[in-house]
Each structure stands twice: as structure tokens, then as C-alpha cells.
Amino acid sequence: MFLKNCWYVAGWSHEIVENALLARRILGEPLVIFRLENGTVTALVDRCPHRLAPLSKGRLENHHLRCMYHGLLFDGTGRCIEIPAQDRIGTYLKARSFPVIERDKYVWIWMGDAALADPSKIPDAHWQDDPGWRYKPGYIHYPGASFQLVMDNLLDLSHLGFVHENTLGGGRASGEVRANVETFDWGVRVARKYGNVPVPAFVKAFIAFDGLCDRWQIYDWRIAGNMFVMSSGVAPAGTGALEGHIVPETCVLQSVQSLTSETERSTHYFYMQAHNFRLDDPTIAEELHRQLGIAFAEDKAIIEAQQKVIDEFPNEPFGGIAADFAANQGRALLQRMLDAERGAPVQAIERTGA
Amino acid sequence: MFLKNCWYVAGWSHEIVENALLARRILGEPLVIFRLENGTVTALVDRCPHRLAPLSKGRLENHHLRCMYHGLLFDGTGRCIEIPAQDRIGTYLKARSFPVIERDKYVWIWMGDAALADPSKIPDAHWQDDPGWRYKPGYIHYPGASFQLVMDNLLDLSHLGFVHENTLGGGRASGEVRANVETFDWGVRVARKYGNVPVPAFVKAFIAFDGLCDRWQIYDWRIAGNMFVMSSGVAPAGTGALEGHIVPETCVLQSVQSLTSETERSTHYFYMQAHNFRLDDPTIAEELHRQLGIAFAEDKAIIEAQQKVIDEFPNEPFGGIAADFAANQGRALLQRMLDAERGAPVQAIERTGA
Amino acid sequence: MFLKNCWYVAGWSHEIVENALLARRILGEPLVIFRLENGTVTALVDRCPHRLAPLSKGRLENHHLRCMYHGLLFDGTGRCIEIPAQDRIGTYLKARSFPVIERDKYVWIWMGDAALADPSKIPDAHWQDDPGWRYKPGYIHYPGASFQLVMDNLLDLSHLGFVHENTLGGGRASGEVRANVETFDWGVRVARKYGNVPVPAFVKAFIAFDGLCDRWQIYDWRIAGNMFVMSSGVAPAGTGALEGHIVPETCVLQSVQSLTSETERSTHYFYMQAHNFRLDDPTIAEELHRQLGIAFAEDKAIIEAQQKVIDEFPNEPFGGIAADFAANQGRALLQRMLDAERGAPVQAIERTGA
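Note that the protein sequences, when read in sequence, are chains A, B and C. My numbering applies: residue 2 is where the first sequence begins, and numbers increase by one. My numbering applies: residue 2 is where the second sequence begins, and numbers increase by one. My numbering applies: residue 2 is where the third sequence begins, and numbers increase by one.
All the pointers check out, no bait thrown in.
Repeated chains share a single entry, so a pair holds when one copy, or any two copies, can fit it.
Mimicking SDA-like on lysine to any residue, the simulated pairs with C-alpha atoms at most 25 Å apart in a straight line are:
#1 Lys95 / Glu305
#2 Lys106 / Pro283
#3 Lys58 / Arg173
#4 Lys58 / Pro315
#5 Lys106 / Glu263
#6 Lys58 / Val310
#7 Lys205 / Ile141
#8 Lys205 / Asp282
#9 Lys5 / Thr78
#10 Lys58 / Ser267
#11 Lys309 / Met2
#12 Lys309 / Glu263
#13 Lys309 / Phe3
Calculated directly from the structure, the hints in this document are not laboratory data.
Using the sequences provided together with the hints, build the complete structure.
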């Protein structure tokens, strides 16, 4: 069950190349995505209204899309504008199109009721298009997991101490943090602060101090875009970072991570982690990208394994622990939105921190 | 749903090799096919009546088939004639056999009621066994498409201009032809004629003239054998070929193409394209075979992609265009036969040309 | 449908390595198997009671098992004994454990009601832990066959003459034997004796005589452990072996073969064939192991092919022959046990030999 009246990331801007077709499935719907003559992006259902051949096997001709089975030609709205050896064109020969907006290097798409597609509801990812930040864009495909398990994973970063023990975690300490959790209409905010711990591997290449560190991760999960926005940092231990005093040696990072369901059991995962220091040094963004790639493969291995068990034992309950609180809040909030979208009676949800 | 009381091609004659077993599934039924002592071909269900091991894993002993699990021996009618360490043989130990007739280098099989298997209903493919024609036999397996989509494809050759733009089509012109269609009791006849177009790639190696050409494709689709018989030609433009005047430089070809369902979603496709000129030159049949192999791979790519979409969206309707007429006539005729076979009430079908 | 109140082989002792986790599915249940501090073996369901991640992706820490998703720690009984950043531990955080006993180099498991797990019901496999016998342990995985078809195979060794014509069988003669079959409460006993036949390939490397041989196979199939215990021999022809007179040149072998269902359609197959002569020569056990590996691959090919046919044609009956008698007795006995376990009314079964 997908929340349909919601903006999702359909891709990075650089993925939609002039004069090329991108076939991508979103919320279960196969799409063909391409740029029009004015540079804007369009997304059509990826099946010809004639005999259902995939339009993504067709080709662009002057920014119009020709089905290469029987030659029907479509414009960017999905309307058929040419049929070989035929004069009149039935209006039923139309491929559905979806609202698309390009912003912050993301191509946003609205798969629900087009009349409700309000661009002001697109969440802020300005760090991705800001000269004060540098990053390399990332993408992982989860062929075998619901977005829900990835969302759970992100809402409980205690797994840093175990899944990412030798990468993002820097040992067990990242698993022992008691997080502060707040719930809002738009999502959930989690704050984790902990001190006197080893510097994690993923920043060692460009960290400017020796010895232990203080760390924090403060992140918002937003229903809009199924998006995580995280500010995190690694500071020399005892320099007051956890109370807001940032010394120059501190490494501050900004991450945006967006989950878009491909199907009920597969997920597109767009991510980046940006830095705002030594902006003239391209190796930092490269190294952060490389390290995240390693760590996110660790997540993927455990999450897809977890999904297989859940799918085999669908009636087996989860056994709750305290660290689940943020994930449970996120699930409840999302469920409330799903119920509202489907006209189900809505229940209040508790907003206490944990 | 298969039309069962119908002859189908089970294989090319050369595929049924003396003292060898061919395992092939036809209309969903796994078969083992082999030659008897007198050279005729037999086809048995490919499961031992003892404990269902596949007989095709067995071996021929003096043209009898021994199951190599527990050693039961069967004759060409499927009757068990030997059981190790046992004297009496139950008549229930019988593998069903099917009527088979070898003609025109095809092995024909009848999967329905054997009492109705009238050899006179086998359609004519004499070009395959005629010294006036030369060809190389071809076979493609469609693991992921119903015969129906391949039949549709063959009944609307406007796809030549798109799917086969650079091979059989010779550019867009082959997609712009308005075909003449006639429907008969036995099938559908389509005639396509068009002039002043480029010579298509697949005949360039042996065509004897320069400049543009006139072309025609006249073909019958027959319910019997799910078989297409096509006469086609490429003549120097303006030499009157489309009005029946054939100059010596004209290249006339004869094709037979037969579709046999393997399962509801996979198809055997037997084909050949023969020439009647320069019969002493073996490279022409080789080149035609090679070119058709390339073109039929183009069809397979788009048809299997189309099948996937149809299977995922079974309730999505086709949007009709004028070029569908022959395919729709063929489908209606076949449906009428299926309804008759299953005892459903039969409806009249329209016989107008288009 | 599995017989659950029954001991099964979960593995060879050597497979459960100190400080390592073995993930293995038994009777459909995914398990993680490992050794405790005292060297005994434990088996837990392979899913964390927290959020169902597989425990087999975790790690052992001082013989306790840590889930490497969120860090919960479990003891050998499956009880959670540590949760990161949490003081109280709910008793619902428990992974089910199963009775396990190690005996005769086998790790035995009881998947049913633990209160009924009587160690005295473990069948005898002492040849596997006896200085008078030498062997190399073997394992085959059947990813695509029910244990039932493998059990049928073992209960009717007439297939030696066909499936194993060139390996265990030594020609057709092994397929022509009329077996003596007796049925007991605990299982079925089969005796096959035949003389003046060629020496089979699998013992040629260490047989000490020329010419023809006399052979016997006497084996018990036991419900407990779904285990086959076979004494077999190859003696110089005419030296009285079939009447019990064993000359020194005779090759006597002892085999134990145990079938444990992985799922309804996949099977673990543990086996060994031991010799009691020239115990100082390691090449004999190696050669027997190698020969059995070849022969059991022959079984696997035909049995998995048979299973595919059965699964496609579930209503197709078996056609009985005399050689089925032992397999049919075994099936009936097992069915009686299954009915009893499920509380179904039990029917008497005939106990005549054949």
C-alpha cells in the first residue's frame, strides 16, 4: 500500500539525459522519463496505448516519443500525434502522464491525484544545489526490500554500532546511545549525542585531530519525499560540540536520503552526504561517497535478509525494545496518512519524546 | 486455451534423428519424439506410467524406448513390453501417443481427439520439399510469449517499418502501407504493395539492380498449423511488378512460418524463406537465413517486452488503429474455432476487407 | 506434511565448528546451529525475536549469539540476555530452541514436541564411530525433491541396474533381482541376493579377485531418522557368500544413509559407506566416497526430473509394478505414523513379505 498523494524522488537530475529515455518503475507503475524541448522533464506510463509495447523501447524524435513497434508518435503529455498510414487519431490513444518538478538536483514526481500536486509541499533539499556544500550523488537499488524496512533502519541509528561497527559506527558506542525523539505533523526528529568515542572509519581520511571524539546525529524523517535530512558531526572530544561549541577541527556533514518505492518489495534509494569545508578539495566528496557506498551495502545485506524472513513468516510479531521508538512513531504517522488517503477513520497518535 | 483439434508442426524432419530422443513440449504437454524402425516418427507423453520419470531421460534399444529409472521398456505406441523381474504386464502401463505425419520436411502432430486427425487437413508447405526452391530451415524459441502476439505481429507487417527499420523494412516506407485484407474459413489473406522505396538490407547481398524498388508481400495465415505462407518480392522500381510484370532482376521469395504453442506463454517458431533463382549458389539461402535470424530477434525483443506488460496489466485494453484489421480478423476467426471446439455458441464474423 | 515427533540428522558433527554458525533449514524451519561453551550443540530458530533479522548473520561472543542488526545478545537456550542501552529485558525476546543430541558423529535434532524427545529412540549408527570401520562422511543437497522420492529410490534397489548401470550396478543384473521384503513397527527390511554377475565399477579399485561375483544388499529403512542401514557385499562367484560363507577375498561394506527434509521439496542427504578391511589404507574410504558421489549424482538427476513431472501432473497416478513393494510398505508405514501424529484414525497395515 503506497501513499500516493505525496512527492517522491524519481531520480537525480543528471540521470535524465537530453535525448535519452529512462525506464523506471515508481510505486509499482512502470514509467518512461525524458526531457522535453524546453528542458523540463516528463514522465509517462511505460506502455503504448495501442498494444501495450513498452514506450521505453521506443525512441525520441525531436523530443517526441515514438513507439518502435507500430510507429505511433506521442508528445510530452502522452497524447498520440501520429499514426502511420492513418489520418484520424482517437483521443483514447493517450499514455498517462504525471506531474514532475525538478528542484535541488532531484526530479520530483507525484503519482497520486494530479489536482493535489502542490509544489510547495516538496521538501527542502537545498544542500544539493548550494555552493556552500559539496557532494557526490549516490543511488542504491534494493531489489528485495520494502521501503518500510529501510525507513525503520534510518529511524534507529543504534544499528551504527553493529551493522556499521567498522565503517560509520566506530565501534559499539554508536549502539549504546539513548536518542531523543520528537514527532510532528510532517515527520519525526531524532537527536543522538555521545562523547569520548573513537573516530569512525568513514571520516578518518580527512579528519584533522587525534584521539577520541564527540559525535552527534540530528535528523528529520519527512513523510514528504520519504526523505531523511541529517546534520551530523565529529568533533575533538571535550571541546563542547555536544553543547553547541564548534571548534575548527570539527567535521560537520549534511546528508539527504530519499526512499522511493519501486514496488511493494523493492526500493530506490537516493542519497548524498555533503561537506562544507575544504570545498576546493574534490577527494573529500569522493571519499564520503565511497565510504557511504560500503556502509549502505552493509545495510542492504541485513535488510534484505530481514525482509526474506518477514515474508516467509508474515504472522510472526516484532518484539519491541526501547530503541524502536522513533521507527514506531514514523510507522504510526505514515499509517495515519495512508488511512486518511484511503478514507479510513484516523486515530490520534501520541507525540511524546523518548 | 489451445485449439487442440488442429495439426501443428512438432519439428523439422531433420530434428528427429535416428536413434535419438527429442524432448519437446507442445500445447503444454511434454513429449518425447523419436523414429521407429520403419523410419516413421512417433510422439509419446514424456512420463513413464510407472512412477512418472521422464521417458526422454531414457534410451532407445532397437527403436524401443527404455525408461532408465526402473527399466520398463515401451514400444512406439507407448505400450509397455518389458518389466525387469516381472512376467505379467498391466495394460495400464501405457504412455499416451499422438498422431504424427511427416510431410514437406515438417513433422506434423495432432494433440486433440485422434479420431479427428485427418491428414488431408495438413496445410500445404510444398516449397520446403521442392527442387525449384532452396532454403535453410530456421527455428526460434520464444520462452516468454504467447503464440497470439507472434500471430498478431505477422498479420500486421506495418511493423516492418519500425521493428525492422534497418533489416527487412528498408526504412519507414514499409510502415506506411495500407494493406488489403480478406477473411476466409481457413484464415486471413493480406496483400501489401508499395513502390519507389529503398531496397531493404536483407536482400542487398544478392540483388541485381541499383536504385529504388517496388515491393510486395502477399500472405495467408492459416488456422491449420498456425501457419503463414508468404510470397514476396523486390523488383526494380517502375518495371510493373505491382501489376504482375516480373522482370528478370526481380527477387521473388517464398516463406513459410509456423507457430506451435509450447505453453500458454511460450512458443515454437519454425520458419524458412526460400528463393527460386541461382539455385546452384548456396550462399543465397545462407544469407536469407542469417538475415531472418537478425530480424526475428528484433521481433522477439519487442514481443516478449509487450507480453510482460500485458501479463502485468491484464485488464488494460488495446487501443485500436486501422492497421490492426488483419490481426483482429485472425483473432476472431481463431476464437470462433476455439468456441466451436469447446461447445460454446458460435457467432458470425464479418468478412469485409480493409 | 512432516513427521515432527521424530529424530532427524541435523548434520555431521564435523559440520558444527567451534565458534562458527551453521544456518540450515530443517522440516521447513530455518535454524542457526552452534556449539556452547561445554561443547554441546544447540539449535535456535534463525530469526531474531526483535525484528526478525536472521541470527545466522550475527556472531558468537563467548558462545553467546549476538544479532548484528541492533545488537541483542542470546544464550544457548535462545533467551535474550542483553539489549544495548536498555536495562530490562522482556521474556518475549526469546528464540525457540530444539532438543539436540550428538551421537555416532551425527547431530540429531527433534523438531516436534520437546517433551517427547526420548534419546533412546535415536537409531543406531555406531559404524560411524567404531574403530573397526573406516569411511569418509558424505552429504548431498537435493534442492528440488521431496525426501519421499529419495526414500522410494532407496527402498527399491532394482534401479541399480539402470540408473547405476555403469557405477554401482555392474550391468542389468542388479535390476533383475526379486527382493525379499519384511515390514516391522520400526520400518522395512529388504534383502537382495544374486550371483554370477560382473563386479560393479565402484569396488574394482580394491577388489582382490578376478571373474564374476556374487552380491547381496540387506538393508533396513527406519522411520526414526529416516535412515537406511545397509550391509552389502561382493564375493567371488560360487564361494558360498549368498549362503553365509565369507571367503577372505569378499568385500563387505556397511552403509548408513539419512534423509532429513529441508522443505517439502528439498532434502538433506547424509551418507557414508564404510569398509572393515585394510583399515590402514586411507585410499579405500576415499575411493568409496568418490564412487558414491558419482552414483548419487545419477540418482539426483533422475529423481529431481521425476519430481518436476509429479509436481506438474499431481493427479497422474503411479502405475504399480512388483518391485514397488518395499517402497509402498515404507510409504504406508510412514503414513500411519503421520496420521497418528495428527490424530487421524489409524488403519492397520499388512505385514506380508514379497
